[in-house]
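Enquirer: Spelled out from the first residue to the last, the chains are:
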Amino acid sequence: MKMIRGAIALTALLALTLPAAGTRAETFSLWVRSGANDYIRELIASFEADSEHRVDLQVVPVDEMVQKYAIASVGGSAPDALSLDLIYTPAFARAGQLRDLTDFAHSLAWFDQLSPAHLSVGTFDGRLYGLPFSADASLLIWNKELFKRAGLDPENAPQSWTEIIADARAVGALGPETYGFYFAGNCGGCNIFTLAPMIWAAGGEILSADGQQAMLDSPQVREAIDFYRTMVMDGLVPAGARTDSGANFFGAFANGNIGIAPLGSFAISILNQQYPDLDYGVAFLPGQEAGQWSSFAGGDNIVISRSTSEEKLPAIKAFIRHTYSLAGQKILARRIGIPVRADLAQQALEGLDPRYALSTEAMQNGRTPYSTVFNDLINSRNGPWTTTLNRAFFADSEAEVEAALAAGQAEMQAIIDAAR
Amino acid sequence: MPDVQSHPLPSAAPTPRRRRRRGWHGLLYTLPALALVVVFFLIPLGMTVWMSLHNWPLLGNARWIGLANYTRLWNDASFWNALLFTAQYTIVSTIGLLGLALALALMVQHQGRATGLYRTVWFLPVVTGFASASLLWAWLSNVDAGLFSPLAQRIGLTEGRFNLLADFDTAFWSVTVMVVWKMAGFYMIILMSGLQAIPGDYQEAARIDGASALQRFLWITVPLIRQPFALALIMCVAGSMLAFDQFYIILNGGPRNQTVTAVYKIFNESFVSFRLGYGAALSVILLLILMVLSIIQLRLLRDRGES
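Just so you know, the sequences run in chain order A and E.
For the first sequence, the tail end lands on 420 under UniProt numbering, and the numbers increase by one without skipping.
For the second sequence, the tail end lands on 307 under UniProt numbering, and the numbers increase by one without skipping.
Take the hints with a grain of salt, since some may be wrong.
Stretch by stretch, here's where chain E covers chain A in the computed footprint (C-beta under 8 Å, at least three residues) [stated by the list, open to error]: (1) 237–244; (2) 320–330.
Taking beta-carbon pairs under 10 Å as the criterion, some of the chain E residues facing chain A (in silico) [said to hold, decoys possible]: (3) L59; (4) R63; (5) T128; (6) A138.
To be clear, the hints were calculated from the coordinates, so they are not data collected in a lab.
Don't be surprised by glycine CBs; every beta carbon is placed ideally from N, CA and C.
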């Protein structure tokens with residue numbers, strides 16, 4: 001409470017020093033992507049309870065966010081603020097759509113406690129355009145019930161790729177309708193979120209740090225593909241994985257007949273709410289050797305449109321500050337499992353499902369690839385990442401894997417070069 | 001138009017002045033329709049051509065690049081592959097659709113006790129949208145949770161589960177069957193109206209002369225349904241050349257991007273890669289191809305008496 005009042009007082013103080021801004025109540029529009037966004041409604045309710053400002057929330061279908069924003073922007077009706085899938089921040093900033101938030105960000109006392117992955121993709125040409133809003137980390141999830149039935153220790157997560165294969169074999173042997181492992185084999189977004197961290201954990205890369213060099217054709221990527229391909233060939237993965245473009249990414253594990261699945265922190269709250277009978281454990285996504293692990297740092301950045309008027313800025317900034325308050329972080333923790341402010345994380349997570357703490361730790365060490373053509377490279381259903389992996393996972397021969405990797409590497413680099 | 005001028009009405013040929021006034025009236029009456037065409041067709045078309053001459057990102061500022069999009073398109077193998085696949089799909093689906101539609105139309109052309117029911121049953125899939133039909137089909141062909149694969153396994157047709165959508169051939173035929181199931185009823189109605197317009201005495205006279213059913217079909221029915229058939233053919237070819245939903249929803253353009261159609265490619269360029277200008281250039285080329293195709297079909301199917 002103190003925090004909120006403090007934030008409001010600070011905002012008012014700032015407003016006094018800015019000639020253009022007034023202290024009057026403002027309503028600003030906020031777009032969020034469809035999906036699990038209950039936390040935003042709760043966040044807004046708690047913000048409005050203590051503020052004279054109002055938020056006009058608009059939920060946009062997740063697959064059409066960029067298109068709708070672009071059209072609205074051309075038509076002069078872009079939203080004032082936007083909760084943007086963080087990977088799009090560089091592309092939006094590059095297109096000159098966003099307001100520079102560098103000075104505001106540095107005025108926050110807890111700036112150095114904010115999720116570093118969000119800030120790294122929020123930066124373009126040395127300026128900051130996006131601030132962490134919500135977070136999603138990748139995790140390995142296993143079905144304890146199936147582990148027990150297969151004679152495995154249900155409390156012991158597999159620690160490396162070889163252990164995953166061994167455990168998947170044990171679970172797969174339980175019966176024809178039970179499978180050891182699941183992944184969405186035709187979904188770029190799912191695999192950047194779950195397979196890429198295992199490649200990173202093993203010391204590999206997919207893109208260079210500046211996003212200018214494709215690195216698909218590397219030994220670690222090969223090993224990772226071999227790891228999945230072994231399980232495919234052993235029949236440990238349901239046949240539908242090959243054509244799953246993401247629709248069954250989460251649902252397959254929730255069905256209860258899958259031993260192990262790399263998913264994300266988002267799965268914890270959905271499993272708890274909708275599948276209370278499913279007994280599962282969560283662990284970090286391992287690398288090739290025991291002890292290695294990594295995570296994708298996903299979620300949303302909050303950004304402000306370039307066209308947003310000065311009068312609305314105090315309201316938006318007050319909302320962002322509220323998000324970072326303990327009250328705001330508690331809502332994030334309860335609803336999606338991960339606060340984005342490190343110094344409040346422990347307090348925010350107090351008394352909640354202990355599995356959430358693991359998500360937060362994964363997030364703090366998570367990575368987000370930086371690219372202005374992320375959609376083209378990774379998310380596109382027909383892009384090089386999706387098609388290369390699909391071809392390689394289900395290849396009939398080693399030569400086919402090699403051909404897929406070579407073609408994917410070339411196509412990725414061509415897209416990067418064309419965008420320069 | 002020339003017809004009207006060469007055969008003036010026998011009584012009271014209109015004076016030039018009256019004719020001109022009538023012309024004005026005509027224009028006035030067509031104005032609303034004309035306005036619609038201008039606003040919803042000509043202006044967007046002009047916009048598309050204009051955009052195709054720019055580097056026009058979805059976000060950010062457009063830049064004039066002249067014909068660069070078109071030269072790039074010329075060397076873009078993925079677009080020509082998409083066109084080739086679209087042509088292949090058009091040929092197969094058109095033969096399937098019109099063949100089945102004609103057979104169905106022949107069955108339901110006469111009044112009978114059950115024909116009303118059959119017409120309704122065969123027409124029903126037409127009223128479902130392409131997107132919903134595709135979603136239904138995606139579920140039916142799902143290898144784990146669907147109908148076809150588990151059923152085939154259950155009745156011993158396949159050893160284990162067979163993923164229909166994982167191989168090009170089965171995926172392609174699966175989608176084509178869906179399209180034929182969904183659209184045949186529509187072309188059945190068009191061809192049926194053509195069949196019903198053939199005067200009954202022609203058939204009767206031929207029958208009295210001893211013509212067989214096949215002869216009557218070939219020499220009376222076929223020539224006389226030429227025009228509705230041309231209509232059905234043009235609609236079918238244009239519709240198939242513009243196919244998108246079914247391949248996007250059921251197959252995501254897979255396996256291995258082998259079922260990316262021309263419109264799918266345009267969609268990808270415009271809304272996945274955010275290159276609206278290049279997408280516009282592809283659209284212009286596709287429009288030209290469709291125009292040429294339609295002209296060829298009209299030529300081929302024109303009544304010889306008219307020319």
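Enquirer: Hint by hint, say whether it matches the structure.
Expert: Against the structure, the hints:
1. 237–244: holds (count 5)
2. 320–330: Not satisfied, violated; 0 residues make the cut.
3. L59: holds (4 Å)
4. R63: Hint on E:R63: violated, closest Cβ of chain A at ~13 Å, above 10 Å.
5. T128: E:T128 check fails; min Cβ-Cβ to chain A is 20 Å, beyond 10 Å.
6. A138: E:A138 check passes; min Cβ-Cβ to chain A is 8 Å, inside 10 Å.
When held up to the earlier numbered hints, the structure conflicts with 2, 4 and 5 and fits the remainder.
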